[in-house]
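Line by line, the protein sequences are chains A and B.
All the letters of the first sequence, read from the start, carry residue numbers 1 to 401 under our numbering.
All the letters of the second sequence, read from the start, carry residue numbers 1 to 257 under our numbering.
By construction, these hints were calculated from the structure, which means they are not laboratory data.
Careful, some of the hints might be misleading.
Said to hold, decoys possible - Pairs of lysine-lysine, DSS-like flavour, derived with a Cα cap of 27 Å:
no.: 1; chain 1: B; residue 1: Lys205; chain 2: B; residue 2: Lys161
no.: 2; chain 1: B; residue 1: Lys205; chain 2: A; residue 2: Lys397
no.: 3; chain 1: B; residue 1: Lys73; chain 2: A; residue 2: Lys397
no.: 4; chain 1: A; residue 1: Lys267; chain 2: A; residue 2: Lys79
no.: 5; chain 1: B; residue 1: Lys77; chain 2: A; residue 2: Lys267
no.: 6; chain 1: A; residue 1: Lys362; chain 2: B; residue 2: Lys209
no.: 7; chain 1: A; residue 1: Lys362; chain 2: B; residue 2: Lys114
no.: 8; chain 1: B; residue 1: Lys73; chain 2: A; residue 2: Lys272
no.: 9; chain 1: A; residue 1: Lys79; chain 2: A; residue 2: Lys36
no.: 10; chain 1: A; residue 1: Lys151; chain 2: A; residue 2: Lys10
no.: 11; chain 1: B; residue 1: Lys114; chain 2: A; residue 2: Lys252
no.: 12; chain 1: A; residue 1: Lys267; chain 2: B; residue 2: Lys126
no.: 13; chain 1: A; residue 1: Lys151; chain 2: A; residue 2: Lys120
no.: 14; chain 1: B; residue 1: Lys126; chain 2: B; residue 2: Lys205
no.: 15; chain 1: A; residue 1: Lys397; chain 2: B; residue 2: Lys19
no.: 16; chain 1: B; residue 1: Lys126; chain 2: A; residue 2: Lys272
no.: 17; chain 1: B; residue 1: Lys126; chain 2: A; residue 2: Lys71
no.: 18; chain 1: A; residue 1: Lys346; chain 2: B; residue 2: Lys126
no.: 19; chain 1: A; residue 1: Lys330; chain 2: B; residue 2: Lys205
no.: 20; chain 1: B; residue 1: Lys77; chain 2: A; residue 2: Lys272
Said to hold, decoys possible - Label-pair distances were calculated between CB atoms; the ranges are:
no.: 21; chain 1: B; residue 1: Val168; chain 2: A; residue 2: Lys104; range: 39 to 47 Å
no.: 22; chain 1: A; residue 1: Lys397; chain 2: B; residue 2: Asn21; range: 20 to 28 Å
no.: 23; chain 1: B; residue 1: Glu210; chain 2: A; residue 2: Ser146; range: 45 to 53 Å
no.: 24; chain 1: A; residue 1: Arg238; chain 2: B; residue 2: Gly233; range: 52 to 60 Å
no.: 25; chain 1: A; residue 1: Asn271; chain 2: B; residue 2: Lys73; range: 18 to 26 Å
no.: 26; chain 1: A; residue 1: Lys397; chain 2: B; residue 2: Gly233; range: 28 to 36 Å
These numbers come from a predicted model, not from an experiment.
Note that the Cβ used here is the ideal one computed from N, Cα and C, for glycine as well.
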Amino acid sequence: MSDKSSDPKKINCAKKMRDIMTTYYLDAMTAEQNNKQVAWITSGGPVEPLVAMDIIPIYPENHGAMIGASKMGEDLCIKAENMGYSSDLCSYARTDISIGGLPKPDMLICCNNICGTVLKWYEVQARYYNVPLFILDTPICHTRYSPEVAKYVRAQIDEYIIFLEKITKRKFDYDKMAQVGKLAYESQVLWQKVLNTTAHKPSPMSAFDAFFFLALIVTLRGTQIAVGFYKDLLAEMRQRIKDGISMVPNEKHRLLWDNLPIWYRLKWLSNKFSDHNACLVADTYTSAWCGAIKYTDKNNFLDSIAEAYTRIYLNIGVDQMANQVLDMIKFYDVNGFVMHSNRSCKPYSFGQMDIMRIVREKTDIPVLMIEADMVDPRNFSHSQVETRIDAFMEIIKQRSR
Amino acid sequence: MIYAGIDIGSSTAKAALIKKNRLLGTHVIPSGYNPLTAGITVFDALLEKVAVSKTDIAAIVSTGYGRASASVKFADKAMTEIICHGTGAHFMNPNIRGIIDVGGQDSKAILLDKNGQVENFAMNDKCAAGTGRFIEVMANALEVSLDQMGDFSLKADKPSKISSICTVFAESEVISMIAGLQKRENIIAGIHESAAARVAILAFKINIKEPVMMTGGVAKNKGMVAALEKRLGFELIVEDFAQVNGAIGAAVLASRL
Chain A
1 MSDKSSDPKK INCAKKMRDI MTTYYLDAMT AEQNNKQVAW ITSGGPVEPL VAMDIIPIYP
61 ENHGAMIGAS KMGEDLCIKA ENMGYSSDLC SYARTDISIG GLPKPDMLIC CNNICGTVLK
121 WYEVQARYYN VPLFILDTPI CHTRYSPEVA KYVRAQIDEY IIFLEKITKR KFDYDKMAQV
181 GKLAYESQVL WQKVLNTTAH KPSPMSAFDA FFFLALIVTL RGTQIAVGFY KDLLAEMRQR
241 IKDGISMVPN EKHRLLWDNL PIWYRLKWLS NKFSDHNACL VADTYTSAWC GAIKYTDKNN
301 FLDSIAEAYT RIYLNIGVDQ MANQVLDMIK FYDVNGFVMH SNRSCKPYSF GQMDIMRIVR
361 EKTDIPVLMI EADMVDPRNF SHSQVETRID AFMEIIKQRS R
Chain B
1 MIYAGIDIGS STAKAALIKK NRLLGTHVIP SGYNPLTAGI TVFDALLEKV AVSKTDIAAI
61 VSTGYGRASA SVKFADKAMT EIICHGTGAH FMNPNIRGII DVGGQDSKAI LLDKNGQVEN
121 FAMNDKCAAG TGRFIEVMAN ALEVSLDQMG DFSLKADKPS KISSICTVFA ESEVISMIAG
181 LQKRENIIAG IHESAAARVA ILAFKINIKE PVMMTGGVAK NKGMVAALEK RLGFELIVED
241 FAQVNGAIGA AVLASRL
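Start from the sequences and build out the full structure, keeping to the hints where you can.
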């Protein structure tokens with residue numbers, strides 16, 4: 001990643017983001033002293049009502065990513081297995097259940113639009129912390145968003161608000177909600193624009209940077225802080241394009257990444273692709289936090305989020321996912337597709353063979369599948385992955401000759 | 001101009017020399033502990049065997065799991081086994097469209113286009129099932145040398161059924177079969193069928209096209225070839241140079257540097 005101060009490729013906003021994230025975690029750690037409440041929420045959950053109620057949202061998945069990136073995943077996964085959890089369980093869940101360490105929650109908000117594991121994971125935590133749990137059930141939209149589903153999910157949004165009123169013993173502020181909704185919408189539009197800048201050749205940043213800058217759109221969506229930050233980041237990316245600064249010094253090959261990052265191998269992967277003059281310009285993961293903007297009505301936010309949160313990338317049919325991948329291949333003009341078959345994330349990895357087949361049928365770009373896990377390094381085989389990537393790049397180079 | 005290819009695999013190190021598009025010679029030694037030493041040793045031994053001086057070598061390409069260490073010390077470039085096997089097979093027989101390479105620690109299926117360029121490939125997952133190591137572990141348990149495995153299995157009348165995919169569990173299964181006095185020939189045939197089923201998945205995954213050449217050290221095992229052919233439903237082309245095909249491909253790629 002773009003970190004070293006001597007590095008001309010360094011993205012200046014990185015420091016700013018670190019500072020914002022530090023303040024955010026400090027606020028959460030000191031919430032009780034400041035009479036604030038903390039809610040743990042799944043990464044795909046509707047956070048905006050929490051922001052409107054001045055409740056601090058905490059993301060165990062975000063924490064899982066940090067554990068992975070700081071290479072603590074193996075020890076913590078083993079600890080969870082010693083507690084009796086299966087090694088087949090999601091490594092975010094295993095690390096979260098085994099370590100604790102996050103600011104203690106006053107409530108848990110679980111939305112199953114990202115997976116089914118979160119239901120049991122949050123039940124475990126609700127019992128452990130003895131706090132109330134709200135479950136937002138978003139049925140998978142294989143082909144369409146039916147009126148029945150719309151009604152069902154919309155009703156739960158109202159239940160969600162009643163739940164929050166009960167726990168905070170305060171009335172829900174609908175005016176504030178409208179403001180938060182506008183900010184959430186705006187930050188998502190900005191995030192999408194930031195991601196779009198990588199369509200430029202050469203790309204001003206890589207997916208490895210997007211994995212990092214993603215933190216704010218997840219945790220602080222709906223705040224002025226996120227809007228301000230992504231405005232700055234967008235301006236910096238546009239300036240880099242103007243100045244001809246690229247993340248990969250000699251960008252010759254452009255790749256699309258699928259699934260979560262392999263957090264404990266980011267640097268190695270980034271160098272590996274960079275050594276081949278290849279830039280991962282885009283990915284299906286970071287765009288998941290702005291992929292449903294089209295369903296969001298910023299002027300009628302609360303009504304529209306039922307649909308927006310139900311129709312996210314992981315909660316739609318494989319054909320629709322493949323269409324999004326095909327759109328990205330075209331938009332970012334990539335000449336290779338790298339899929340991470342992620343042992344932990346079943347809903348993300350389940351349809352990959354079909355998506356791979358569809359991409360092969362509809363485009364002429366090579367597709368690579370590597371098997372790993374986002375946090376647990378015991379599922380990563382170095383030389384196997386290295387040979388696959390090297391061979392994949394040899395094929396791309398042969399073709400571009 | 002003479003070009004060299006050195007394939008340092010997990011079990012054996014192979015070297016090949018080519019001159020004017022003709023194979024000059026090949027050599028194989030066990031890899032041992034140090035891949036770099038294995039690479040240098042097999043290369044020197046081959047030079048001696050064909051009486052060629054090191055100064056006559058125009059370029060060297062290394063491949064296999066030891067490819068990186070070799071390229072740091074003495075090879076001009078490191079390439080993956082996938083490209084090398086593809087290039088080697090196409091060089092020896094331009095009609096080949098598919099390759100099944102089963103080596104010591106991994107197995108792969110490779111699809112070539114008409115020009116011998118790799119179109120697609122599939123490799124085994126982080127698991128030794130369907131590799132040479134799987135067969136080696138079983139040979140040890142059965143007290144049969146690796147070279148005899150093929151002949152033994154061809155005498156089987158009713159191949160045993162090995163259900164475990166995991167090498168360690170499959171070994172315990174084989175040990176129980178030995179204890180249950182099943183015929184050694186049948187157990188060995190069962191082992192080959194189990195490994196062949198794993199390898200065939202890779203070939204089906206990439207929709208392999210005939211004619212298909214089998215390469216890698218395991219191609220010397222007739223029982224495994226027969227089991228694979230049965231599973232795939234077509235015949236495999238197995239040549240004498242199967243084990244050194246990767247090194248040949250590396251030498252051809254060296255001539256293109």
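Restraint check for A:Lys267 with B:Lys126, where alpha carbons must lie at most 27 Å apart: The given pair, whose Cα atoms are some 22 Å apart, holds under the 27 Å limit.
27 Å Cα cutoff - pair B:Lys205, A:Lys397: Holds. B:Lys205 to A:Lys397 sits at ~23 Å (cutoff 27 Å).
Pair hint outcome, B:Lys73 versus A:Lys397 [Cα-Cα no greater than 27 Å]: Holds: B:Lys73 and A:Lys397 sit about 25 Å apart, inside 27 Å.
Straight-line alpha-carbon gap A:Lys267 to A:Lys79, limit 27 Å: Holds. A:Lys267 to A:Lys79 sits at ~26 Å (cutoff 27 Å).
Pair hint A:Lys330 and B:Lys205, alpha-carbon separation not exceeding 27 Å: Satisfied, since the Cα-Cα distance of roughly 26 Å is no more than 27 Å.
Hint consistency between B:Lys126 and A:Lys71 [alpha-carbon to alpha-carbon, up to 27 Å]: holds (20 Å)
Pairwise hint evaluation, A:Lys272 against B:Lys126, where the allowed Cα distance is 27 Å at most: holds (20 Å)
Distance restraint hint 52 to 60 Å, applied to the beta-carbon atoms of A:Arg238 and B:Gly233: holds (57 Å)
Straight-line alpha-carbon gap B:Lys77 to A:Lys272, limit 27 Å: Holds, at roughly 16 Å.
Proposed proximity, B:Lys205 with B:Lys126 (alpha carbon, max 27 Å): holds (17 Å)
Status of the given 18 to 26 Å range, CB of B:Lys73 versus CB of A:Asn271: holds (21 Å)
Restraint status (C-alpha distance of A:Lys362 to B:Lys114 at most 27 Å): holds (21 Å)
Hint compliance for this structure: hints 9, 10 are broken, all remaining hints hold.
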